[in-house]
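The two chains are supplied separately, each in an independent frame; assemble them into the complex guided by the hints.
Spelled out from the first residue to the last, the chains are:
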Amino acid sequence: MELSEAKKLKMYRDMWRIRQFERKVDQFISRGDITGTTHLYIGEEATAVGAINALKDEDYISSTHRGHGHAIAKGSDIKEMMAELFGKRTGACKGKGGSLHIIDTSTNNLGANGIVGGGIPIAVGAALALKMQNRDEVVLNFFGDGAMNQGAFHEATNLAAAWNLPVVFLCENNQYGMSTSIEKAFKIKDLAKRGEAYGIPGVRVDGNKALEVYDTVLEAAKKARNGGGPSLIVSETYRWKGHSKSDAKVYRTKEEEEEWKQRDPIADFEQILIEQNLLDEDKIKEIKNEVDAEVKEAVEFAKESPYPDKDEIFDDVYVDREVEL
Amino acid sequence: MRVITGREAVREALREEMQRDENVFIIGEDVGVYGGAFGVTGNLIEEFGEERVRDTPISEAAIAGAAVGASLLGMRPVAEIMFMDFVTIASDQLMNQGAKIHYMFGGQQNAPFVMRMPAGAAEAGAQHTQSLEALLYHIPGLKVVMPSTPYDLKGLLKTAIRDDNPVMFVEHKKGYGEKGEVPEEEYTIPFGKADIKREGKDVTIIATSHMVFKALNAAETLAEKGVDAEVLDPRTLVPLDMESIVKSVSKTGKVVIVHEAPRRGGVGGDIAARISDSEAFYYLEKPIKRVTGPNTPVPFSPVLEAEFIPSEEKIIDAVMKLTK
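So the protein lines, in turn, are chains F and Z.
Numbering of the first sequence is given in this note's numbering, commencing with residue 4 and proceeding in unit increments.
Numbering of the second sequence is given in this note's numbering, commencing with residue 69 and proceeding in unit increments.
Chain Z extracted, bound-state conformation (with noise of 0.2 Å):
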């Protein structure tokens, strides 16, 4: 099969369901010639054109807004935030609005938009770094996803662009240079499906976003060191697969949950709450370990980014804990 990087699988998807939807267009911040400050829309705006392609002034509230907008007049936006972080200058949009406009107003109206959002830590200090999933997790109405491989980037994102509510989409700065394997025909993937990227016996590590990566390279080293480790990635966090987490635990008996956001309120600590809650907790052998970025801010100097940022070592660590 083929082989492409995350950036591409989600030019794809772009291209592909602009393609199939004339309602479906692209707005944000340099996306046009600029070819988005990550290269992801690139030359889109040859093929489709600047009315599709909308670069718009420095105004993420007006961006969000303008996406809930037309969507409740049959348009499919996909904005583009450049940064997760500035998603709070956006957060009115929404939060009180996009996510809500549904249930207030009885279901007479929804908003089917999607929000692309670039996080994770990539050498740029506090502002240009973050992973604020749980921010958008909390608020009921909002579904959120959060891709590690190309081929779930693309999948997932024609799956968001189809969907009739707001679809919050986390993609890792990390993740677009990542390859993978990406068929050249046409398919989607569901919300609400982990997948199960490495089977295990002995331990299970729920890991997002780019922490997939380092997990399937811990289980490597795991390996070598007796330890057959099972690596969840959810994909989605709303609507989540608690049924495939319960089965994971269920059979490994052991839980270590990554992620590179903060811990205190992390998506992280909810997991492992539901996992309490399930039938899965009567199989667990251990408590509940996370590994996830610290009660800090991202900070700049690459010694202590790479402090931040939970590494292999740190997740081995938390296996090796708990199998031993």
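In isolation and in its complexed conformation, chain F is listed as follows (with noise of 0.2 Å):
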């Protein structure tokens, strides 16, 4: 399917909105304006974005505890995610999830996970719903490299290919498991092998070229839709800034991140447009302005609006109120 200029150019400012809210957020991060820590998506912005966007909106997909940007692709309201952050009533999860389980079901996202690997086997949950349902729709499954080692994604991914499960499953493999690389907890170089094991495919993409993970995922997803079952495919990424708040990132060389940042995947994508006429210097100002302008308004919402009432500690533990809690 040919991508409409509409929709590159939207895809091009879904990275942009990605960038600047967590670039916002690691600044009241390490402000302590934000308290507790969170996972920057940045530099891995092409991944959640192609991906995403070779769905259909009404498709599902589950996250993980680096959630911001699935979420922002998705189509979750930023200002809602930001006071999430900010522990505001008014947040998706009305303060209760905060960064690791940001969440906002209308848009068919299942849920970021505080558990490596823990969304694995919902995700195939759900799409054993979508089959028994006949349904049209597929779940995408967003983990990490560190979850591939975990036993839920071998159990979960075995069920799925028995089953021919409409799920893909995507690793975004950023090279380390918060400090530990790749080349330390697997044996082999190529994850995407790992499919073979399963009986499904399993295909590596650039994950820094969106519209390579764009045209993966699209037929992953149409496979998956027509009944061919589940795919893996692993996109090869880098985040930029480290695990978490905490990480001084001593495993990696400047070298190594310097490496990483020139092959920036929202410069990669804009040179793209650019040569193809849609994207030009003032556009693209334009279009920073608005999205700065929006992640300004989002942090002014997350600011004014107010905390939980204390008895909201209460609410939301079972759907009826007949435990006594």
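Be aware that one or more of the hints could be misleading.
Claimed, not checked - Beta-carbon label-pair distances, calculated as ranges:
1) Z/Glu254 with F/Asp36: 54 to 62 Å
2) Z/Pro362 with F/Glu307: 52 to 60 Å
3) F/Glu315 with Z/Ile264: 35 to 43 Å
4) Z/His206 with F/Asp323: 31 to 39 Å
5) F/Gly78 with Z/Glu311: 43 to 51 Å
6) F/Leu12 with Z/Gln195: 53 to 61 Å
7) F/Asp36 with Z/Glu115: 57 to 65 Å
8) Z/Ala291 with F/Ala165: 54 to 62 Å
9) F/Glu315 with Z/Pro362: 38 to 46 Å
Simulated from the structure, these hints should not be mistaken for lab results.
Beta carbons: idealized from backbone N, C-alpha and C, even for Gly.
Set out below in structure tokens:
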């Protein structure tokens, strides 16, 4: 399917929205305005945006601890996201979830997840429901290279393959599970080879090239939608920032970081759109200004919003209130 | 009234709920043509087919996760973990995922699934015999049901399947063979309502799961000794019917709590604490006693296993010490 000009521009804008949102979060985290920690998506924008734009709006995603980018690309309101990070009642999860559990179910996001690999069996369960309900949608399941060595990955991927479920497994290989490099964590170099073990296709893509990710996910989603079962895609990318707030990045070199920054996924996509005469300097400036204004508005909304009342701690433990809390 | 076994009662509940709601389905190991490791699902696959009675690989985390995920999209999965001991392999999906989805997502989403788990010592050593309800009882967001009789198994399982939260349904393997009256006509049993299995005025024996039968037998012997014991079966641990417990204890002034699981960190300790926190405390005439499994793994030797499981004698002993 040829991407429309409008969609390409939306993808470009979404990549900027993710980056500028994350940069702002990074500032607030380091200043202590946002408590706790967070896992930033800067540098990986092409993967979320390329993959999610290859889906239909009604398709599902399941996300990870590094989930802001997925949520934004899937259509979450960034005002509600920022408010959630500030722990405000107006947040997407009423301030109960925070960064690790950010979700807007109206976008068919099954949720970010604080447990590495924890979302994989859930994504498979959702795909099972889609199959049993004879529905047309698919599930796109994001996880990281670290999750691939969890037992849950093996169990769930095998089950999805055995049952031919409509799910696309997308591994964001950002080269490190916290500080542990993939060289230390795997004997194999090409993680996509794992697909073969489950009898499903396994392909590797340049995760910093939005269109390459888009094409690959589009094909895998089509296969899943047509009853062809799951696929494994390994998207090679890099997180520019540390694993989380406290990460001094002693396990990698400045040279390596610079090398990856030379392969900036946004610059790459921008260049393509300039060559296709969809962007010029003025248009780029306009988009950036609009995105900055949107993020600024989200920050204001978050800051002005009230915190939850103390007794809201008891809300939503159970659907009903018959259980003494 | 007709009499059926616990096994048949569970199967009837499954069948009726699957007939009532096409979103209800069974997922687990060997639940299909094999009929379940304990024969509970039996011939359900003949009636509902392999789409709705789903045999899985030996993958407990995937079974639990598939139940969680399918429930998010409107299905009503009833997952079976072959032995409750194996729930440890599925624990991330139950304790971190299913239990917390409604809360951590601010009420946007809920996970209505049931996890059925055969528990209890039955001649199989340390890894196929545990009663791990305390692990689940500890986790906010999970409901925990632990029925004893065929009547309770059926009525509570039907309620569990209709509940909008994750429900951990603990069945005792020895309860499958127990017989009891179960009406032909449909019924459900609400959560949070204890059942007084035997009325009495001298002592309250609070017993869970298969220990209810032991407590009832002990109560008969106690009656011969002139002690009139009340046997209270909480039936659901979360929610727990403290109102009935307080009422009974306030009447008798003496409590013995019986469960098969080891004492340390067991549900009995929490029930005792909650009695102490309540107005029933002022009616207590003696310390609260517990008759439980010891703080050991379940041993294999028949002699040792019999020592592990709370016996009628031990229950009688505990009661006599309080009443003499």
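Checked hints:
1. Z/Glu254 with F/Asp36: 54 to 62 Å: holds, 57 Å
2. Z/Pro362 with F/Glu307: 52 to 60 Å: holds, 59 Å
3. F/Glu315 with Z/Ile264: 35 to 43 Å: holds, 37 Å
4. Z/His206 with F/Asp323: 31 to 39 Å: Distance hint for Z/His206, F/Asp323 is violated at roughly 20 Å.
5. F/Gly78 with Z/Glu311: 43 to 51 Å: holds, 47 Å
6. F/Leu12 with Z/Gln195: 53 to 61 Å: At 59 Å between Cβs, range holds.
7. F/Asp36 with Z/Glu115: 57 to 65 Å: Given a distance of about 59 Å, which is inside 57 to 65 Å, the answer is holds.
8. Z/Ala291 with F/Ala165: 54 to 62 Å: holds, 56 Å
9. F/Glu315 with Z/Pro362: 38 to 46 Å: Given range 38 to 46 Å: holds, Cβ gap about 43 Å.
Consistency note: the structure conflicts with earlier hint 4 alone.
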